[in-house]
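J.: Spelled out, the chains give:
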Amino acid sequence: MITNDVVLVVKDLSIEFGGLKAVTNFNMEIFRKELVGLIGPNGAGKTTIFNLITGIYQPTSGKIQLDGEDITHVVTHKRVKKGIARTFQNIRLFKQMTVLENVKVAYHNNMTYGIFASIFRTKKYWVEENKAHQKALEILEVLGLLEYKDELAQNLPYGKQRKLEIARALASNPKLLCLDEPAAGMNPHETEELMETIKIIQDKFQVTILLIEHDMKFVMGICDRIYVLNFGELIAKGTPKEIQTNKEVIKAYLGE
Amino acid sequence: MIAKIESNRNNHLKPNYKRYLLNGLCSVLIVVVLSLLTNNLSLKIIIPQIIIFSIAALSLNIVCGCLGEMVLGHGGFMLVGGIVASYVSQKIYQLVMEKNNFSSSQMREIFYNIGNGEVHFAGYILVIFAVIVGAIFTGVIGFLIGVAVLGRMKGDYLAIITLGIGLVFVSIANNLQTIDGFKYGVDGPSYYTRIAGNTPIFASFLILTLICFIMIFKSRYGRAILSIREDEIASEASGIPVKKYKIFTFTLSAIFAGLAGGLYYHFASYLGTSLFSQDRSIELLVFIVLGGLGSFTGTLISTALLTFVSYKLLLNAPGGYQLLIYGVILIIVMLIRPEGLFGTKELTWDFIKKVFKIKKKPKKIVEEEIIHDNK
Amino acid sequence: MWNNLYNGLINGLGMGSIYALIAIGYTMVYGIARMINFAHGEFITIGAFVSYGMASLIGANPITMIICIIASMLICAIVSIITEKLAYYPLRKRNTKRITALITAIGVSYIIYSLFNIQFQEIKSSPKFLNLSNTNLTILTIVITLVTVVLLTLFINKTKFGKAMRATSENPSAAKLMGINNDAMITLTFAIGAALAGLGAVVYCLRIPYFKFSVGSDAIGLIPFVAAVVGGIGSLPGAVIGGFIIGIIQQISVAFPETSPWTPAILYSILILILIIKPTGILGKSIGEKV
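Residue numbers (the working numbering), protein chains in the order written: chain F, 1 to 256; chain L, 257 to 631; chain B, 632 to 922.
Please keep in mind that the hints were generated in silico from the structure rather than gathered at the bench. Treat the hints with care, since some could be wrong.
[What the hints assert, rightly or not] Calculated lysine-lysine pairs in the DSS-like style (CA-CA distance at most 27 angstroms, straight line): (1) L:K500 / F:K81; (2) F:K204 / F:K175; (3) F:K21 / F:K204; (4) L:K499 / F:K124; (5) F:K160 / L:K601; (6) L:K499 / F:K175; (7) F:K95 / L:K499; (8) F:K123 / L:K474; (9) F:K95 / L:K410; (10) L:K500 / B:K909; (11) B:K728 / L:K500; (12) F:K135 / L:K270; (13) F:K123 / L:K500; (14) F:K82 / L:K270; (15) F:K124 / L:K474; (16) F:K123 / L:K270; (17) F:K135 / L:K500; (18) B:K909 / L:K474; (19) B:K728 / L:K601; (20) L:K474 / F:K95; (21) L:K270 / F:K131.
Sequences are here, hints too, so could you generate the full structure?
T.: Quick look at the structure:
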């Protein structure tokens, strides 16, 4: 499902942390409706690249473009408005809020009613809240979390919490969905289920997906293309087949 | 098919007019009850104070409990609001008197009656106006401070800097003692003689505060603010402009703290600056922690309880014991139930229904059966 | 005017050395337990009364002063260990929020304050241990403070306990893995801080001829805390420098009648300025958050 329409362009991205070069001259292109994987040994800089793309870090050099627009210096919450959403490696849910509320939070930017409308509960308030409500329920249904909607996020089992992270990211209506190790800590059955879910998400919500993962079966199973990172540098990119037989990649993971 | 129909009907949000009416009636009832209670001599002084400090504590709770940022020095905001309100109040009184060349007795007929201490309609209007101006002014100050401070620091540093700001306010107020010739630290025009005469206003403002806070926190604003408390980074990553909302919450808190301060002036005709120093700020903090950070019901109950207890103690126990018992209560509560009386929960109509086992009418089941039969 | 300035400077150095001793307690406890111990000021009250009590028993002269200092430091340390074990330690074990520790500290301070309030309502005159001029007294207090700081620094850098304390303060989990008893180190820190406050109290009594039950919260109050933050909370040399700076500014401001009533506003404004310009304080360092 690769088109020629580019969603994300990363050009010569580098970041230094006090002398330590975490990422060096990273280049990446993601096409619309692609599913791209970012892999590499631990500490290669994958999450750092995520943080750069989502605006949590500022690069020392390089550019990031979303749908042709330069977002390199745009602040994080504005990037979400422009269409980038992410999940976190260590689950960062809003623990004491319900599942439904967690998802609704991310829908925030799609509502426009103000304080006056909140206090006096005007028609605008009810219309927009209902829309948010319906959308949130839809997303929860796709991810199989509908039955938990009024449960506190901290009470969910681990696998469901990971899915809730994804549900929340989807609520902001992203063009690009960045998943940071979505399958971490899952058993093979849950991982299979996640692969299915991601396929459904891609289909139903028409999002482009970039993900970080260590589970090779998972990565090779669903990614259209893969980028391989080691010591902050890109060492290979291509289709799963190409990556599996790439000498540099094998060297990076297994050593000489 | 059935499930879809059912879920669609359940999940459409609608204004619950019955609930609103019920809440409205209860609010009026509360205002009336509180006003009547203050006629009782022993409660005359306590009830207005409970109301006023409830407003102040609630305003602190939205920042500490709901937003999750520890803020000390809240007394400073109360002081600012009180000073501005006292100025407006006294200035307008003086202007009316001068413009119309009224004598003191004529002023009395308009605003208040020294003889029996009754507050007249114009007096009420004056109080409301002065208090609102005070609240808005405090809000502006809070906004400026928020912009300067909230973007760049949080946690302990924020707590310390807000403590410092509060103390600077108190110190400045201590030295000024008058604004444009009007003293705020000693008796203003004594038309507040009947100390509890303004209770209807106090109680109404408390209801207003509660309505504002509850409505705001049950909207997308509330969700945004709570999400910042839960996980600031995730909140930002979900599209919430965190800094903007921190400033918003802080400003809102300042407005209502200023409101409380202004009301206090119109209760006591006196703004002893030592009443708003760090002791007061800490006392407010104690109220909200004991009641439950983030719970409005908890704040109301703990404020009422502790204010009541401290007054009874002050009357019955010799000097010094009040603070001793206070301190012991604090430590015991922190050891046994650190999340406070209510935690983050509220006392809602739904909860009351559950307790008294009031159920909804079984309308749905009938409709289900009909559809079932048609199949 | 120069006279005022000179007096302010001398008094500032004198009071500053007292503030430095107390600020060290605030900063050390914050460094190791990440907690602002609002009850710390009350140790000054305890120290003052202990030395007063001892002096009434054994008389007031330079030799008994040494005994009173030791007694004061000892009793303060013991009280702090008791409060730590009873109130702060259970909270730490349960991993509760920071605000809980703060409220508990406030509770402890209320209790100590009111106990003294109930028992001793009159103003007490400070025991006259020494008979020195103001200048000489100031020199003595500076010497006491500097000697104490040097000893403390040696203790922290050279001894086993000191290194263990630093380890606990920098990385509790790693320290635990190295076999260090974190809880004991925290208790030790509290005790040292309290002892120093006790010492500071005796030195305070040397300078100021009278005190009452509220000396900890009113007379001294939050000034050492401001000093600790300005110098850099968590940093020992920071607390000392902060103490002297704040002490000097305070006493100079007090020396001139135009600025004297504004002294609290001036001091807290300095606190605010430092927090805006360099939040970590003059000598502090910052820690970031990992995503």
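J.: Are the Cα positions of K204 (chain F) and K175 (chain F) separated by 27 angstroms at most?
T.: Since the Cα atoms of K204 (chain F) and K175 (chain F) sit roughly 13 angstroms apart, the hinted pair holds (cutoff 27 angstroms).
J.: Below or equal to 27 angstroms on CA atoms is what counts here, so check K499 (chain L) against K175 (chain F).
T.: holds, 25 angstroms
J.: Given the hinted pair K21 (chain F) and K204 (chain F), is their alpha-carbon gap at most 27 angstroms?
T.: Measuring from Cα to Cα gives roughly 39 angstroms; hence the hint is violated.
J.: Compare the distance between the alpha carbons of K95 (chain F) and K410 (chain L) with 27 angstroms, and conclude whether the hinted pair is satisfied.
T.: With Cα atoms ~20 angstroms apart, K95 (chain F) and K410 (chain L) stay inside 27 angstroms; holds.
J.: Just to be careful, I want the Cα atoms of K500 (chain L) and K81 (chain F) compared with a cutoff of 27 angstroms; is the pair within it?
T.: holds, 15 angstroms
J.: Taken at face value, is the distance from the CA of K131 (chain F) to the CA of K270 (chain L) at most 27 angstroms?
T.: holds, 12 angstroms
J.: Sort out whether K270 (chain L) lies within 27 angstroms of K82 (chain F), counting only the CA atoms.
T.: With Cα atoms ~31 angstroms apart, K82 (chain F) and K270 (chain L) exceed 27 angstroms; violated.
J.: Would the pair K499 (chain L) and K124 (chain F) pass a check requiring their Cα atoms to be no farther apart than 27 angstroms?
T.: holds, 26 angstroms
J.: With a cut-off of 27 angstroms on the C-alpha distance, tell me whether K95 (chain F) and K499 (chain L) pass.
T.: With Cα atoms ~21 angstroms apart, K95 (chain F) and K499 (chain L) stay inside 27 angstroms; holds.
J.: For K123 (chain F) and K500 (chain L), compute the direct alpha-carbon distance and say whether it is at most 27 angstroms.
T.: Given pair K123 (chain F), K500 (chain L) holds - Cα atoms ~25 angstroms apart, limit 27 angstroms.
J.: Regarding the pair K124 (chain F) and K474 (chain L), is the alpha-carbon distance no greater than 27 angstroms?
T.: Holds, because 15 angstroms separates the two Cα atoms, which is no more than 27 angstroms.
J.: Has the given pair, K160 (chain F) with K601 (chain L), been kept, meaning a C-alpha gap of at most 27 angstroms?
T.: holds, 24 angstroms
Going down the numbered hints, you'll see the structure goes against 3, 14 and 18, while the others check out.
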